[in-house]
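Visitor: Residue numbers (the numbering used here), protein chains in the order written: chain G, 5 to 313; chain E, 10 to 253.
To be clear, the hints were calculated from the coordinates, so they are not data collected in a lab.
None of the values given here were measured: they were computed from a predicted structure.
Some hints here could point you the wrong way.
[Stated by the list, open to error] Once the Cα atoms are required to be at most 25 Å apart in a straight line, the calculated DSS-like pairs of lysine-lysine come out as:
id	chain 1	residue 1	chain 2	residue 2
1	G	Lys142	G	Lys172
2	E	Lys18	G	Lys115
3	G	Lys188	G	Lys7
4	G	Lys113	E	Lys11
5	G	Lys96	E	Lys18
6	G	Lys172	G	Lys188
7	G	Lys113	G	Lys142
8	G	Lys142	G	Lys96
9	E	Lys87	G	Lys96
10	E	Lys221	G	Lys291
11	E	Lys11	G	Lys142
12	G	Lys96	G	Lys139
13	E	Lys87	G	Lys7
14	E	Lys11	G	Lys96
15	E	Lys250	E	Lys87
16	G	Lys115	E	Lys250
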Amino acid sequence: MIKINSLTKRFGDHVAVDNLSFEVQPGEVLGFLGPNGAGKSTTMKMLTGFLTPDGGNASVCGFDIQSQILQAQQQMGYLPEGAPCYGDMRVKRFLEFIAEVRGFSGAEKHKRVALAAEQLELNGVLNQSIETLSKGFKRRVGLAQAILHDPQVLILDEPTDGLDPNQKHQVRNLIQQLASGSNKIVVISTHILEEVSAVCTRAVVIGRGRLLADGTPAELEARSRYHQAVTVDLEHAVDSAPLMALPGVLDVEQQRDGQLLTVVAKPGEVVFPAVGQYAREHNWPVKELSVERGRLDEVFRRLTEGEAA
Amino acid sequence: MKNLGVIFKRELGSYFSTPLAFIFIVIFLVLAAVFTFYLGGFYESGQADLNAFFNFHPWLYLFLVPAVAMRLWAEERKSGTIELLMTLPVSRTDMVLGKFLAAWVFVGIALLLTFPIVITVNYLGNPDNGAIITGYIGSWLLAGGYLAIGSCMSALTKNQVIAFIVSVVACFVFIVSGLPLVLDLFSGWAPQWLVDAIASLSFLIRFDAISKGVLDLRDLLYFISLMAVWLCATAIVIDLKKAD
Chain G
5 MIKINSLTKR FGDHVAVDNL SFEVQPGEVL GFLGPNGAGK STTMKMLTGF
55 LTPDGGNASV CGFDIQSQIL QAQQQMGYLP EGAPCYGDMR VKRFLEFIAE
105 VRGFSGAEKH KRVALAAEQL ELNGVLNQSI ETLSKGFKRR VGLAQAILHD
155 PQVLILDEPT DGLDPNQKHQ VRNLIQQLAS GSNKIVVIST HILEEVSAVC
205 TRAVVIGRGR LLADGTPAEL EARSRYHQAV TVDLEHAVDS APLMALPGVL
255 DVEQQRDGQL LTVVAKPGEV VFPAVGQYAR EHNWPVKELS VERGRLDEVF
305 RRLTEGEAA
Chain E
10 MKNLGVIFKR ELGSYFSTPL AFIFIVIFLV LAAVFTFYLG GFYESGQADL
60 NAFFNFHPWL YLFLVPAVAM RLWAEERKSG TIELLMTLPV SRTDMVLGKF
110 LAAWVFVGIA LLLTFPIVIT VNYLGNPDNG AIITGYIGSW LLAGGYLAIG
160 SCMSALTKNQ VIAFIVSVVA CFVFIVSGLP LVLDLFSGWA PQWLVDAIAS
210 LSFLIRFDAI SKGVLDLRDL LYFISLMAVW LCATAIVIDL KKAD
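Start from the sequences and build out the full structure, keeping to the hints where you can.
Guide: Spelled out as structure tokens, the structure:
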């Protein structure tokens, strides 16, 4: 498990991470969210031992990240932002190097390299030098080196940034595979919100180095103004003003000249049945009627912009 | 120390995976020959020794060794791989020493490839081969000193050109500190012990003795402690500015 306690990092006058505290339990896939410059990468760099904290402490699997960093690093697999790899090395030789650093040798080493190459579908490029690979392949090489020793804790800094949709899908599947049914911890930093709904069991939002929100993706969605809102798609515009009088309705928003209505519910209220009934009773030309779970991007924006203001 | 060998192997391999090794070795051998035969007057001196060969090594290394050392850390910083390296479970000592030893062995390989000159001198006369071996050891130690300085300068910056220039200047200071050029500046007013201390820091004086076949323990200690000091400085610099 990961414990972070009042972690702080300053760069000159700028406070990149400000008194950040949270814990991650085994089995969790944690989405680490925040706008650019919020301190996500800095936190990850401190956890993995690349940066030294200016205050506070943290531990990974019980090993303090300052006094026992080598033991902590053995428990972790880390994909740094941009997946830097030694460009002049061949993929196979690079993975063997990582395996050797991780303490594997002989048959075990070859088995580990083969398995990681298999999981990331790198078998076609094993003998190419890394600098000749496409961005997607480079990222996969970076992921392969991170999972090679089957770590207890996997820390991935923007693993899907810059990949095409198919590659993103692949990487997400891989993360789910790694996390499912095991007691591992996966921490993913991202600013792509669909990713959080897709793979994470928990989301932590930070802004300006401070914790802004912490919960499951569903809990975060519930904070949205659009949680339990009802979207009504119509053939042509109708008089939507009476909807305001229905119990639990907070607001009605119109788009496409009134052909698309969004009925916003008051917090904690459910308005779908009432809206549906009203539409039926008045013979509205309804094409589609649906309930929203909430909009993560809207929650994210409100959380982080409120912070900036 | 368990990862020292792993780092060493990767680093040494990386020299040979690019044309760098080939170019360095060819230039080193050509320049060594030019210095020995034209500037050193190897034939004209009529002596069956390699003084003409070794005498120019401090100057030859002045430009060639920093060229090898400049990439040690600056390149890792530039390409971002330093983050990968530093987050692997590798101790600082293993990293610094592994990289340094790989570079030192690489220069050693280039130095060993000058063996035809040993054959030549043995063919032409009856040299003291013990002195020649001592000369080679001295030359390798000298290269190690330059490399340790260059390693520290490379750790200071992500720009390889800056690392190169600063290393050349630093090494130059260590060469000239034994020359009258520098010593005369001090001998007028400074106490004798200071002048001696400055002179004793010089590569040239130490190397001169070894290259003539005299392997004094103090000279050996000088080179080894010089390397140790600069490598410790490298480790400290890396710790202080890992992420810059």
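Visitor: It remains to establish, for every hint, whether it holds in the given structure.
Guide: Against the structure, the hints:
With a C-alpha separation of about 13 Å, the suggested pair G/Lys142 and G/Lys172 falls inside the 25 Å cut-off, and the hint holds. Between E/Lys18 and G/Lys115 the alpha-carbon distance is near 21 Å, which keeps this suggested pair within the 25 Å criterion. At roughly 14 Å between alpha-carbon atoms, G/Lys188 and G/Lys7 fall within 25 Å of each other, so this suggested pair holds. About 16 Å separates the Cα atoms of G/Lys113 and E/Lys11, which keeps this hinted pair within 25 Å; it holds.
For the proposed pair G/Lys96 and E/Lys18, the alpha carbon gap of about 15 Å is at most 25 Å, so the pair holds. The suggested pairing of G/Lys172 with G/Lys188 holds, with an alpha-carbon distance near 21 Å, which does not exceed 25 Å. Distance check on the hinted pair: G/Lys113 and G/Lys142 sit about 21 Å apart at the alpha-carbon level, within 25 Å; holds. As the CA atoms of G/Lys142 and G/Lys96 are separated by approximately 13 Å, the hinted pair is consistent with the 25 Å bound.
Of the pairs offered as hints, the one joining E/Lys87 and G/Lys96 holds, with about 23 Å between alpha carbons and a cut-off of 25 Å not exceeded. Restraint check for E/Lys221 and G/Lys291: the C-alpha separation of about 98 Å exceeds 25 Å, so the hint is violated. Between the alpha carbons of E/Lys11 and G/Lys142 the distance comes to roughly 28 Å, so the proposed pair goes past 25 Å and is violated. Straight-line distance between C-alpha atoms of G/Lys96 and G/Lys139 comes to about 17 Å, which keeps the hinted pair within the 25 Å bound.
In summary, the hint linking E/Lys87 to G/Lys7 is not supported, as the alpha carbons are separated by about 32 Å, beyond the 25 Å threshold. Only pairs whose Cα atoms come within 25 Å are accepted, and E/Lys11 paired with G/Lys96 is accepted, the gap being roughly 22 Å. Between the alpha carbons of E/Lys250 and E/Lys87 the distance comes to roughly 13 Å, so the proposed pair stays at or under 25 Å and holds. Of the pairs offered as hints, the one joining G/Lys115 and E/Lys250 is violated, with about 37 Å between alpha carbons and a cut-off of 25 Å exceeded.
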